[in-house]
Amino acid sequence: MIAREKTAKMTVKERKKVAELLEMEAKIQKLWSDAKVFEMDASSDKSEPKYMANIPYAYMNGRLHLGHSFTISKTEFAIGFQRLLGKRCLFPFGLHCTGMPIKVCADKLKREIEEFGYPPHFPDDDNDSKMPTEEDSVIDEIIKDKSKGKKSKAVAKTGGAKYQWQIMKMLGLDDSEIIKFADASHWLDYFPQLCISDVQKMGLKIDWRRTFITTDRNPYYDSFVCWQFRKLREAKKIDFGKRYTVYSPGDGQPCMDHDRLTGEGAGPQEYTLIKLKILEPLPEFLAKCGKNVFLVAATLRPETMYGQTNCFIHPDIEYCAFYAGQKGNEVFVATKRAARNMSYQEMTAENGKIRFVDGAEKILGKQLLGLALKSPLTKYDRIYSLPMLTIKDDKGTGIVTSVPSDSPDDYAALMDLKRKKPLREKFNIKDEMVLPYEPIPVLKIPEYGEMAAVYLCQKMKIESQNDRDKLAEAKKEVYLKGFYDGVMVTGKYAGQKTAEVKKEIREELITSGEAALFVEPEKKVISRSGDECVVALCDQWYLNYGDEEWKKEAKKALAQLNTYTEDVRRNLDATIDWLHEYACCRSYGLGSRLPWDPQYLIESLSDSTIYNAYYTVAHLLQGGTIDGSVIGPAGIKASDMVDDCWDYIFLNKPYNAKTMPVQESQLAICRKEFLYWYPVDMRASGKDLLQNHLAYYLFNHVAIWKDQPELWPRSIRANGHLLLNNEKMSKQTGNFLTLSETVELFSADGMRISLADAGDYVEDANFVYDMADAAVLRLYNLLVWSREMVALREQNSLRSGQKFTFADQVFDNEMNSAIQKTFDSYEQTLFKEALKHGFFEYQSYRDKYREHCGGDTEMHVDMVFKWIETQAIILSPICPHVSEQIWQILGKDGFIVCAKWPVTPPADDLITKKAEFMDDAIRDFRLRLKNHMNLKQKKSKDTNPPSEAVIYFAEEYPSWQKEVLGLLNQCYQEGNGELPDNKEISRRLGAIESLKKFMKKTMPFVQLMRENLAIHGESALDIACQFDQKEVLEQNLDYILSTLDLESVTITDVRGVVPANVVEMTCPGKPIIMYKEQEPGITITFRNVDPCSGLFDIEIPIINGDTVAVIIRRLKRISKDIKPKQTISLWRYLDPLGGDRKLIQLKNPLENNERIPDSSQFKVDIQSGKVCLQNNGNKFYLGNTIINMINSYRSLSVCCKIRNT
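Using numbering that gives the first Met the number 0, read the sequence shown as starting at 0 and increasing by one per residue.
Please note: incorrect hints may appear among the correct ones.
Below 30 Å or equal to it, Euclidean Cα-Cα: the simulated DSSO-like pairs (lysine-lysine) are [claimed, not checked]:
1) K49 / K847
2) K458 / K420
3) K1029 / K847
4) K831 / K912
5) K86 / K29
6) K45 / K652
7) K835 / K727
8) K276 / K335
9) K1169 / K1141
10) K671 / K45
11) K161 / K705
12) K475 / K502
13) K460 / K425
14) K417 / K378
15) K1124 / K1075
16) K429 / K419
17) K995 / K1069
18) K835 / K26
Hint data in this document are derived by calculation from the structure and do not stem from the laboratory. Small disclaimer: the values here were computed from a predicted structure and weren't measured.
Please take these sequences and the hints and turn them into a complete structure.
What follows is the structure, encoded as structure tokens:
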């Protein structure tokens, strides 16, 4: 929908430009495809440099969206750049089908057809369903593993649709097509081909021969994955046993990250389940069970149990009582949600079954208030259950232990009950249940003392438990400091840090039977089938990522890994630390069967760890089919790829004809490919995969290629999420674009340039429509301008020759500098920076050069075509289609994607300084002109701009300024490139006798130099200018006159006779301009006699001393009809008195005139009102009229031809 709305808003003209770009891109892509330029085989020369990069393969349950293209673009840009360096580059692209999502969706469609018919007719309230949301508690943020992901992607992808049929409709499918998707295998036929088609429109440098789908549908990949798992088992990396894992009771299997609708990244969270025994007399509905009954409270902080004063229950939450223990010999009271979790953790007699106490399946919290309890560790013999209104039933057990000395929430709630008798009476709480109980010191926290919660509540003026924002802030502060810095002040562990004794206290409580271990998901997890998950104690095959030796090896791989940013390194390091046992199989979904236990399928994050190795041989095994249904060029059957064959290819095992049913020559080809391309040089990925896939990627590489660090990954580049127009992409909100829609809207290169500009590294990036629209216009105009320049070159209309102007030299130097900066940015994979230097700034340099030259035709042909060629090359990694088209426009051989990076000399620092000098000077001149006009208008309301100016420059500073600079240079060297503060500088300057009479001026001068230093670096402290300022100003005189709209400028050294204030303001490298008003003159008529020019007589003042060049500039200033590029010549009448009265001849309009030489000077006598011309000692009276011819002879000849015709 968003794509259609955007298309509707585009003008016909904009749409036409996009259409032209799309047509051009399709032709370029066909040329690449026909030439097979991106199909890369291993070189026979092992020393030939190579570069292999890829991304985690996308999942094939829908079309790729703009977020996919963002990650893809990082690899694409890197590959494009590395090709320019002359490397053999490989960009393979796989298609992931393993896991639950496809199977879940197919089964949903089946159920919907069974329930609602075909085509299905859904209930009217189908749009009222709300997707689940996710929340994190304050304490979770502190205690849980920091490196785990928080957000789920599945919710955004569904677009809020309740039924799978509706989701398929949103993909543009009709009913007759959708019904086919009830068969999971159809997904593997449909979406992979669609994905390939969409990605090809982006113009990627992918070797499509190596593309494959996963699962046992592909026999070659299936064989590879089974080999991998047998190797892991041989290496004792896979074990079997009971482990806590996030589990979907509805699906009957563990629920891994890729199987989740919400809760992606959430793992099992361990709690200590404190058993608070209910003392006599028990309520009747509990007493009849005849067993010990416990309120059970889940806590993450068992060490604080010494400070319990009560427990809290929400009056309105629904609880239940159920039999606990293998023999059901105890009764626990908790929420049903908690009871459900416990039933899968061997805490009930039958796994997954809850046996409720008769009549106690539903208990309102208010029925449990005022109970006397016996709790472990607290000094009180009995405590009571009290009301708290902020408890939630979606976390823990709904019952909370109260430690008011350490918990601001607990303190505030207890104080409310102590202070407010009506509140106690409302819930039938007697005074003796509350009033005698005071906070008990448990921890000593630096700054907060032994009663941290009390201290902070008083400090923050928290009045009650309703001050929720303040309480959340106080809670976070206390828990954070207490968790890391708290010291026990009570019990047997007094004096020790809480972090050190937490586990011991928990184990003691569990061993004594006063507590139990309780585990639940860190946050709500919903499987893709819609089931709320629990944590279950399951028999399962698991990868033992908790093995310390394996962790050490993974850390070695990380140590040699280029992560591009420290954030990524820290994240991977933390993930390696916290990773433990990970369930690697499931019983439902698609995938490869676990070789030794085929009732299980290998799950999706476990079959996708070393498949980069499979890329190296996929094109040889699979015969151009993504499912491996055709035998490939190597001539090897999938059934023949036994483990020994894989060992030969990947582990360098010697050939054995008895155990390898494939000829060695066939396997040798595969081994050659692997050894040439491996390891992976760069793997680009979204940052959300750092906590799982990318960490597993390191673990599995060090396990399979043990002690072979040369085959371990070389770099991982993580990027942030992609926003669309500053908002999160989501089908629910409509702020969503697929890859194909984006290409259709902005063209491939328009999209690619916007992806590059969106952002780099792990910060979230932003794709902006306005940027994409502007990119389309820029690229279109670049093609148009390139064609125009080729046409001008063919007409010899561009300036040529061996003489290069100042503007030429500066432009050439700016190109060299930008090319180097662009190279450095590409090398660091900073593509936004590369775009900045290699496109935006590069174009601004061209535009500035064109302005300095005075138009296209005044630019030097060598500079123009150096710019076009280098622009095409350095932009080609990001915009290859436009660059390739320019390559063709230039008539170059081959493809630009096979070209080499331009070789240019380093930037000349002196030319750079001269260019900066001129840029700063022009900027200052314009500012002074604006101030001059503002002041002039205030005084006299005169709006006529000045026509003359004097530019003053200084070769060196005055003597006192030299002394100041000498000291600043000394301070700069002493400070290793930094100046001390102004107070220290002032003190040292005050000690110099010769400067005492200038003290009022020294510090303002110091401040000016400090500012210049920040802008220009150390050269700002130079005592003299490094180049001839007058020469540079004279070389740019025409540009100065043009840009300031002046007729004449005088350049003067301040060492001459100049005003004192000018001397003070002028310093080396900082010229000053003073504008002058036009002197009085005599007005005469300038007549154009060209009948085809369309120009009429104009009166212009002549001032004494004017030159021909000054008069021509004045004529152009006054007559805006004269174009800047047009040339003008001046002619005088041979008869100054009567010549202008004679009839002008059409064929020869200048027969009564003589051209005025450029060296002539005009002399004006104001008193007589006469204007004379002086040249070579001769003097001529001009009369009242002068002839001006504009492009005279060319226009005259054209005009005559027209009239003769």
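Output the indices of the hints that this structure fails to meet, ascending. 1, 11
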